[in-house]
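Now for the letters of each chain:
Number of protein chains: 2
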Amino acid sequence: MKTLVVVSHPDINNSQTEAFLKKGSEQVDVIWHHVESLKGIDVDFERKLIGSCERIIFQFPLYWYSAPAGLKNWIDKVFSRNYVYGDGQYHLADKEFGLVVTTGLAKKDFQVGGIESMTMDQLMAPYRAFAHRAHMKILPLFLVDQFWYKTESQQQQLLIDYQRYLNQDFPDSLANRQAWFEKRLEKFVDGLDEADGKIGQLILDTYQQQIDELDQLNDTLKMIKEGEDDSLE
Amino acid sequence: MKTLVVVSHPDINNSQTEAFLKKGSEQVDVIWHHVESLKGIDVDFERKLIGSCERIIFQFPLYWYSAPAGLKNWIDKVFSRNYVYGDGQYHLADKEFGLVVTTGLAKKDFQVGGIESMTMDQLMAPYRAFAHRAHMKILPLFLVDQFWYKTESQQQQLLIDYQRYLNQDFPDSLANRQAWFEKRLEKFVDGLDEADGKIGQLILDTYQQQIDELDQLNDTLKMIKEGEDDSLE
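Protein chains in written order, with our numbering: chain L, 1192 to 1424; chain Z, 1192 to 1424.
It is worth saying that the hints were derived from the structure and are not from the lab.
Careful: at least some of the hints might be erroneous.
Straight-line distance between alpha carbons at most 30 Å, and here's what the computed DSS-like set of lysine-lysine pairs gives [as the list claims (entries may be wrong)]: (1) K1213/L to K1268/Z; (2) K1230/Z to K1230/L; (3) K1299/L to K1298/Z; (4) K1298/Z to K1214/Z; (5) K1328/L to K1374/Z; (6) K1298/L to K1239/L; (7) K1268/L to K1286/Z; (8) K1193/L to K1213/L; (9) K1299/Z to K1286/L; (10) K1286/Z to K1298/L; (11) K1299/L to K1328/Z; (12) K1378/L to K1193/L; (13) K1268/Z to K1299/L; (14) K1298/Z to K1328/L; (15) K1239/Z to K1341/Z; (16) K1374/Z to K1268/L; (17) K1230/Z to K1286/L; (18) K1213/Z to K1268/L; (19) K1341/L to K1230/L; (20) K1286/L to K1374/L; (21) K1328/Z to K1268/L; (22) K1230/L to K1298/Z; (23) K1298/Z to K1268/L; (24) K1389/L to K1328/L; (25) K1416/Z to K1341/Z; (26) K1286/L to K1328/L; (27) K1286/L to K1378/L.
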């Protein structure tokens, strides 16, 4: 799967969060596309880029409850009505649409009764309306909140979650997660030299065995859960 | 009351809807401020302009479910966090905040089950979140849908409603509507020459008499309504 990450940040070189995410994105197969760095917007080029990808992600810091002006400018220029839904032609149809939003506030601030009184999903309504109109598949939002308050291990976890958001299959099920990790592990083992490679292969074999066991455990758990009080009998 | 109408339209000279609204705005006491016409954004000047007005309105055609990039650029530049709510200072507090949105779709398209599946209020969530954070008073949205499908008399009605939205007191009660009309009628009569002025004064007197009668009728109606089936006894 090919993913286009349309990044908007007017001062990206001074954003350590964006630098961190960019580094993470380089380890997976995506196109990092920073709109404020473009010298003018070549609509044909942008549409070819979009056409070559199955997943389109808008990534930005929250500026007054939406993307910076740079992304809106890109959207207004690249997406004409005709291109998105004119004459019954849906050029973006069935592509996946995701949002990566970074914010200095905490996730809990975005809820009824919180500082912002609105949820992030409510604020993202215009993007969702766009994806809906374009017949795209909408992915759950990926929130990066208060990045610099996170511990190093939380940041590492975030990085993995971010990489999975960029190119793991959805839904984010155990099976899809396993498949994604296995693929990355295989790639890693392939890159090792002969001596390390043997140990690497051993790790891979063990991992695959564990997955089989996990699958069985998961089936059992599912059956138990379905029998619980909350379920419809 | 002083009203600032922050208008965003990248091609305003070719918009007949905007021309129509602009002409209407000239008959009431507002500042028409087209952001795409500005040569750069002088933040201090913009803030002084805002500071001098009690009602701030964002007016724009719906481009992919929000304002054109030009307005977002203006917002991102003019409103710093410090200006809006930093250090417990709320520079926009208690000002009224309105939205005038023009769209080629019909109002009924914006509802669950409609073409857009979302309401205009849902789409405007980011602006409402902004006004909420700034401690502004939020006015109901003013929608101009399918302007060019309207008959001439519908357009005239729209123009009056638009003018009232710009500088009539809220809420949009009968009393506030009457006061607004009366003020405009007085101004009109004042502008007449002596011969027409006498007739004008007669119209004004009749209008004021009718208002008194309307007030009485309204009180009676209110009492009847309160006694109806749906009301709590």
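Evaluated hints:
1. For the hint pairing K1213/L with K1268/Z, the CA-to-CA distance comes to about 26 Å; that is within 30 Å, so the pair holds.
2. Between the alpha carbons of K1230/Z and K1230/L the distance comes to roughly 21 Å, so the proposed pair stays at or under 30 Å and holds.
3. Restraint check for K1299/L and K1298/Z: not satisfied, since their Cα atoms lie roughly 34 Å apart, outside the 30 Å limit.
4. Straight-line distance between C-alpha atoms of K1298/Z and K1214/Z comes to about 24 Å, which keeps the hinted pair within the 30 Å bound.
5. For the suggested pair K1328/L and K1374/Z, the alpha carbons sit about 54 Å apart, so the restraint of at most 30 Å is broken.
6. Pair hint K1298/L plus K1239/L does not hold up; C-alpha atoms about 35 Å apart against a cutoff of 30 Å.
7. For the hint linking K1268/L to K1286/Z, the alpha-carbon distance of about 33 Å lies beyond 30 Å, and the restraint is violated.
8. About 16 Å separates the Cα atoms of K1193/L and K1213/L, which keeps this hinted pair within 30 Å; it holds.
9. The hinted pair formed by K1299/Z and K1286/L meets the criterion: a straight-line CA distance of about 28 Å does not exceed 30 Å.
10. Among the hinted pairs, K1286/Z with K1298/L is consistent with the structure: their alpha-carbon atoms are about 29 Å apart, no more than 30 Å.
11. For the given pair, K1299/L sits about 25 Å from K1328/Z by alpha-carbon distance, which is consistent with the 30 Å threshold.
12. Between K1378/L and K1193/L the alpha-carbon distance is near 17 Å, which keeps this suggested pair within the 30 Å criterion.
13. Using a Cα cut-off of 30 Å, the hinted pair K1268/Z and K1299/L holds, with the two alpha carbons roughly 27 Å apart.
14. Distance hint between K1298/Z and K1328/L is fulfilled; the C-alpha atoms sit about 26 Å from each other, no more than 30 Å.
15. Distance restraint check for K1239/Z and K1341/Z: the Cα-Cα separation of roughly 38 Å exceeds the 30 Å cut-off, and the hinted pair is therefore not satisfied.
16. Restraint check for K1374/Z and K1268/L: not satisfied, since their Cα atoms lie roughly 45 Å apart, outside the 30 Å limit.
17. A distance of roughly 39 Å separates the Cα atoms of K1230/Z and K1286/L; the hinted pair therefore is violated under the 30 Å criterion.
18. With a CA separation close to 26 Å, the supplied pair K1213/Z and K1268/L stays within the 30 Å bound.
19. Between K1341/L and K1230/L, the direct Cα distance comes to roughly 35 Å. Violation of the 30 Å bound is thereby established for this hinted pair.
20. A hinted pair counts as satisfied when its Cα atoms are at most 30 Å apart, and K1286/L with K1374/L qualifies at roughly 22 Å.
21. Of the pairs offered as hints, the one joining K1328/Z and K1268/L is violated, with about 33 Å between alpha carbons and a cut-off of 30 Å exceeded.
22. For the given pair, K1230/L sits about 38 Å from K1298/Z by alpha-carbon distance, which is inconsistent with the 30 Å threshold.
23. The suggested pairing of K1298/Z with K1268/L holds, with an alpha-carbon distance near 25 Å, which does not exceed 30 Å.
24. Note on K1389/L and K1328/L: the hinted pairing is violated, with a Cα-Cα distance of about 41 Å set against a maximum of 30 Å.
25. Between the alpha carbons of K1416/Z and K1341/Z the distance comes to roughly 33 Å, so the proposed pair goes past 30 Å and is violated.
26. With a CA separation close to 6 Å, the supplied pair K1286/L and K1328/L stays within the 30 Å bound.
27. As the CA atoms of K1286/L and K1378/L are separated by approximately 26 Å, the hinted pair is consistent with the 30 Å bound.
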